[in-house]
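Peer 1: Could you build the full structure based on these sequences and the hints that come with them?
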Amino acid sequence: MHESLFMQGDEACALGAIKAGCRFFAGYPITPATEIAETMSIELPKHGGTFIQMEDEIASAAAIIGASLAGVKSMTATSGPGFSLMQESIGYAAMTETPIVIANVQRGGPSTGLPTKVAQGDIMQTRWGTHGDHQIIALYPSTVEEVYKYIATAFNYAEIYRTPVIFLMDEVLGHMRESFKVDGEAFVQIDRASESELEDDDIFHPFYGDDQMMASPLVTMGKSRFHVSGLVHDESGFPIGTPDDVGRILRRLDHKIKLHADEIVIYDEYMTEDADLLVIAYGSTARTAMRAVKMAREDKINIGLFKPITIWPFPATRLRQLLKRVSAVIVAEMNLGQIVYEVSRLNKRGIKLELLSKVSGELITPQEMLDCITKVKSEIIEL
Amino acid sequence: MAVRNPRSIRISGIGGQGNVIMGIILADALVSLGHWVVQTQSYGAQVRGGLSFCDVLYSSEPIDYPMANQFGVIYAMHQTGIRAHMPLLKMNGVLIIDTSFVTSIPKEAFRVTKKIITKPVTTLAEQKFGTPLPANLMGLGIIAKATGYVTKEALKEAMKKHIREKYHKMNEEAIDYGHSLIEREYKIREERREFAGQGFE
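From first to last, the protein sequence lines are chains A and B. Counting from 1, one number per residue, gives the positions in the first sequence under our numbering. Counting from 1, one number per residue, gives the positions in the second sequence under our numbering.
Honestly, the hints are just simulated from the structure, not real lab data. Fair warning: this is a prediction, and the values are worked out from it, not measured in the lab. Please note: incorrect hints may appear among the correct ones.
[Unchecked claim] Mimicking DSBU-like on lysine-lysine, the simulated pairs with C-alpha atoms at most 35 Å apart in a straight line are: (1) B:Lys-187 with A:Lys-181; (2) B:Lys-128 with A:Lys-181; (3) A:Lys-46 with B:Lys-187; (4) A:Lys-117 with B:Lys-160; (5) B:Lys-161 with A:Lys-46; (6) B:Lys-160 with A:Lys-46; (7) A:Lys-19 with B:Lys-152; (8) A:Lys-181 with B:Lys-152; (9) A:Lys-46 with B:Lys-156; (10) A:Lys-46 with A:Lys-300; (11) B:Lys-152 with A:Lys-375; (12) A:Lys-19 with B:Lys-187; (13) B:Lys-161 with A:Lys-181.
[Stated by the list, open to error] If you only want the chain A side, here are some residues facing chain B, beta carbon under 7 Å, derived: (14) Phe-6; (15) Glu-178; (16) Val-182; (17) Met-213; (18) Arg-287; (19) Arg-291; (20) Pro-366.
Every residue, glycine too, gets a C-beta built ideally from N, C-alpha and C.
Peer 2: Printed below as a string of structure tokens:
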């Protein structure tokens, strides 16, 4: 059954999360993510959930880790300054394999920056913000409908891979209201294994990796007891220091996401079948790109759009295939160039790579992108 | 493959005039009529004052780029907004002006369109309801009648979702009153060419 909805991106994030089973939210309001907290504070109690406004973002991230370990699907939402404060806890969640979801509605500039303006500057912070080798999953939708849909995917990935998942948005996406249709039945929810599945005298090994490098599913709390530590720990959760074990355990944490990258990546393609030129854009920029590609096609330019929705791990396998076929690639982003590094490392043939970047706090317009496309097209024409 | 721009409405004023809620109600009404709708807004940090505007875009197909660089309809509620936003009006677009707060209409406007509607909406609201509060809903009634984009009924249903119950009756009357202020519907041409209507083409 399809029902028609009309809501703001931030509201869609909160309501989608509740639909995905989120029952705990701890956060600190910050533009442009405030509406997520606001909607959660109204809606969560109606669904038997708990909302807490914490003293800051450090405490918010710590609180959702605690709640998640106690068996409740949990999330927080913030913007750049708060996201910086959360980095320590993201590492802790990665190390302790705690499923959490952090929505980061990006604003412009470093520090307090431009609270009410749009930017995509946190792409690399999302990947490498916390210290130490670690893998991360990050999703970045570009429409309100996708926010509503992929926030559920974010919760499912957090549970399946037992990892923090960063849900990226931007100011335009967060504050824009948009109509969309949802298919209520196409919704899959991954739940925690019930503790009743454990025998009374079973020892629960929360950090036991299977041959696929995946950690055992986390159980709801109550019967089981286990040790949680940010130190390198063995399968039972207690710290260890023997070199062989440490290497094995850290590699498993890395491999559980790296080896399953192709199952995690989600992307959209538009008119790439016969494309000679490729635009890579994500988030709100992908909407501009969609329009620019249509306009360029009217001008008889064979161009396609590749829109990664999973930003981390980067959809390298598919992009490698596309880069073999096209003769130039344009990366459009509202930062000074971040994803362009990922594309650059995949550009083994050394085809023309153009960065279209804008950091003035406004969306790239279709005309600006079309101008860039036309310029690149004129440069690659072989006479 | 023709690239079609969505129809676009900008509601421009200053913070506190209720232009964002106006846009939300209009957008919601358009959704109920089966359109694809995007609504965006811009406002400063202050609760009252400062340039503030709300854009509504709608189309029969999903909308990709969520902004518009030109508007078929501009509803100007304040002098601050009309200076900044009048140049964004499409050629032969509809310009609706609340003359309670707009003291002078830029001359260029008359070169761009003849479809200029001037009503002292807020003053009329104060006279009829004893408060300026429902002026924005009157504006929606005016937009409905002047453009034919939405129906009064759809606006009323949408209004009930966003406004507290005790004000429903007054706002329903305001929509009707605004609707009754306009005699005719203005035809807004589906765009032909896209360039800024500065009057020098």
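Peer 1: Output the indices of the hints that this structure fails to meet, ascending.
Peer 2: 2, 3, 10, 11, 12, 16, 17
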